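Chains A and B, in that order, are what the protein sequence lines are. For what it's worth, the numbering used here labels the leading residue of the first sequence as 1, then goes sequentially. For what it's worth, the numbering used here labels the leading residue of the second sequence as 566, then goes sequentially.
Heads up, a few of these hints could be off.
Derived lysine-lysine pairs resembling DSS-like cross-links, with alpha carbons at most 27 angstroms apart [what the hints assert, rightly or not]: (1) Lys3(A) <-> Lys95(A); (2) Lys209(A) <-> Lys147(A); (3) Lys570(B) <-> Lys95(A); (4) Lys209(A) <-> Lys570(B); (5) Lys147(A) <-> Lys95(A).
Derived DEER-like restraints, expressed as beta-carbon distance ranges [stated by the list, open to error]: (6) Val681(B) <-> Pro219(A): 44 to 52 angstroms; (7) Ala98(A) <-> Ala685(B): 33 to 41 angstroms; (8) Thr622(B) <-> Gly240(A): 37 to 45 angstroms; (9) Asp177(A) <-> Thr622(B): 24 to 32 angstroms; (10) Ala654(B) <-> Ala98(A): 46 to 54 angstroms; (11) Val677(B) <-> Val100(A): 37 to 45 angstroms; (12) Ser71(A) <-> Ala596(B): 25 to 33 angstroms; (13) Thr622(B) <-> Gln101(A): 37 to 45 angstroms; (14) Ser190(A) <-> Thr622(B): 43 to 51 angstroms; (15) Asn599(B) <-> Ser71(A): 20 to 28 angstroms; (16) Val677(B) <-> Pro219(A): 46 to 54 angstroms; (17) Asp168(A) <-> Val674(B): 53 to 61 angstroms.
Hints are computed from structural coordinates only; laboratory data are not their basis. A quick note: this is a predicted structure, and the numbers were derived from the prediction, not measured. Where a beta carbon is used, it is the ideal one built from N, C-alpha and C, also for glycine.
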Amino acid sequence: MDKVLFLFLRRMRAPLLVLITAYSISITGLVLIPGIDDQGQPWRMDFFHAFYFVSYMATTIGFGEIPHAFSEGQRMWTVATIYLSVIAWLYAIGKILALVQDPTFRLAVSRQAFDRSIRRLRAPFFIVCGYGDTGSLLVQALLRRRKRVVVIDRDQERINDLALSAMDFRVPGLCADASSAARLESAGLSNPFCQGVVALTNHDQVNLKIAITVKLLNPDLPVICRAESRDTERNMRSFGTDQVINPFAIFGERLALALHSPGHHLLHQWLSSVPGNDLPMPLYPPHGTWILCGFGRFGKAVHAALHREGVTTVIVEEDPERAGCAGECIRGRGTEADTLEEAGVHSAAGIVAGTDRDSNNLSILMTAHELNPKLFMVARQNRDDNGALFEAGHPHLVVRHSEILAETVLAQLTSPLLPRFLAEAQDRDEDWVNELLSRISAVTDERVPAVWSVELNPGTAPAWLERLRQETLSLGQLLTHPVDRDQQIRCVALLVQRAGSGEILLAPSDDTPLEPGDRILFSGQPGAIARLFRVLRNPHVLDFLLTGTDRPQGWLWRRWGSRSA
Amino acid sequence: MNFEKVLFGFFIILALTLNFGFVLGEIDNPAHHNAYELFAAIVVNLIATVMKFGDRTHTGALLLATSLVAILQLIAAAVVWGYALNISATGVNPMLMASIVSLAAGAVVANVISVVLLIADAVNLRR
């Protein structure tokens, strides 16, 4: 039962016993001591009057001597009981105040409030462990998509931040070690509404422990983990972690994609950025020699990606022995002109400032730009609050691993069809991609489009399925605007996945027939989502969409309409 | 021997004995039932209840529940008595006395259960 209540009762035992004793002594004395009534007859107080008198006397309210004026003996006893009972009350109140300020008690109270808010959560939610730069980006993006979130972080300050930031929904936050199974459990791990767990803490070991805990306690729950070393990544995958995200590796792959085919890279960027931001510009990284400053986890991932694309690289590293690239690199930080000149900055095509210090990265950028203004510059930004500095440096590409993480997790959580689509799209040629890009840009108004998926099941599309029994309906009909039939809803269907065969259709045309159980991935304006669902749900809107006439809706008007027709 | 256990057992058993002593006698005869005894029973029952606070075991919860029942019954009896003495036009008549005593008798049952639980707990304690 309630831990708080038990803690309270246990601590209140002594003060309550003191109060009961003080009251019973006072009452007994008053009942026993004889008094004299108005007529001069001997009189004794009964228990009712004694209790009444002590109640107002002990709380220092003091109504006077009731029902008759007291005898001297009664007054003497009253003096004693005043001090007894007032001290008893002071003691009890002091204990209560001390209890309320007690850290253990406050912890129990906040835990209980957290548990209650989890129990009351009657909507699907995600558990996010770690509320740093990435965590806060992810939580905001999820809330914007009307998903509920529960946050666990070790740092009380971050939990306070969470409570202070203005959000559409209240986000329950727990200050605790997320790698503890009990804490994950209280955050709703076994709650039927829990949709998944995201482990984003800074420590690979903690993320690993979270993944193991989730997979043991609730094996069906998807868990997405951040991992920054290959070892941990392999370890996590070995027991079935649904998605392991290594931000550096992801960036390396993206850079390779941009080198390989700018169109594919742009499609990737558009569909996976945070919706509502400015639409990213296409990127044309040059083929030629690249200089890599810093050969840590980031540098290694970029090096591997560039190497796969057949790009030659020159590595600049301050401590080659530790980084494991001794003998084949130039020793130095890259912040000085002579090191960069030694690396051939004048003839190089691109430079990657990838050390783990923002000041060094900025310095590399500025020095390199001075030496060779035509360089293609990629900078790694480590801390979120340095964003303005990096923007002022005008590199062609800024890598923020918190953003990459948040985008990837978001895509996994909200539109699981998207990674499938992007993987399939890699096999298509440049022309196919360019055509799709122009279709998407036609509906988005220079903003990153929203991406969502729809499954044609009785829950989401009752009207559509009902209609589908009578005739075949196509994708083009679904996308017709519910108000103006000559227009289309401003979105593009990226992919249709058939229910039975699992067959995948990329960028389906308007005359593609839709069948029950199909899953469709859309991209377009956020406003289109509501319109689309209205068509799927509301039989009258659908009817108007297909026939172009506003049919009478009520029973009476339907009768009337059929008679006049 | 644990002094805390002695005190605990003492108050629980005293609550029963005092309560029983008050109930003893003809049910509707005011001369057989003393107000001081009822007062003592209430005070001791209150103390016994507070001593049971904060025990998270199953037996502890049951013990607390029986005490709460007893206290409720005894306070109801005291309220009826106060009403009979000060508000009712008839004073303490046999009918009101009978209801006071029967309420207190209910409390005896709860106290008996409480003592039985206490004994069962002690017997189960293997050393």
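Verification of the hints:
no., hint, verdict
1, Lys3(A) <-> Lys95(A), "holds (18 angstroms)"
2, Lys209(A) <-> Lys147(A), "holds (25 angstroms)"
3, Lys570(B) <-> Lys95(A), "holds (24 angstroms)"
4, Lys209(A) <-> Lys570(B), "violated (44 angstroms)"
5, Lys147(A) <-> Lys95(A), "violated (43 angstroms)"
6, Val681(B) <-> Pro219(A): 44 to 52 angstroms, "holds (47 angstroms)"
7, Ala98(A) <-> Ala685(B): 33 to 41 angstroms, "holds (36 angstroms)"
8, Thr622(B) <-> Gly240(A): 37 to 45 angstroms, "holds (40 angstroms)"
9, Asp177(A) <-> Thr622(B): 24 to 32 angstroms, "holds (29 angstroms)"
10, Ala654(B) <-> Ala98(A): 46 to 54 angstroms, "holds (49 angstroms)"
11, Val677(B) <-> Val100(A): 37 to 45 angstroms, "holds (38 angstroms)"
12, Ser71(A) <-> Ala596(B): 25 to 33 angstroms, "holds (28 angstroms)"
13, Thr622(B) <-> Gln101(A): 37 to 45 angstroms, "violated (28 angstroms)"
14, Ser190(A) <-> Thr622(B): 43 to 51 angstroms, "violated (25 angstroms)"
15, Asn599(B) <-> Ser71(A): 20 to 28 angstroms, "holds (24 angstroms)"
16, Val677(B) <-> Pro219(A): 46 to 54 angstroms, "holds (51 angstroms)"
17, Asp168(A) <-> Val674(B): 53 to 61 angstroms, "holds (56 angstroms)"
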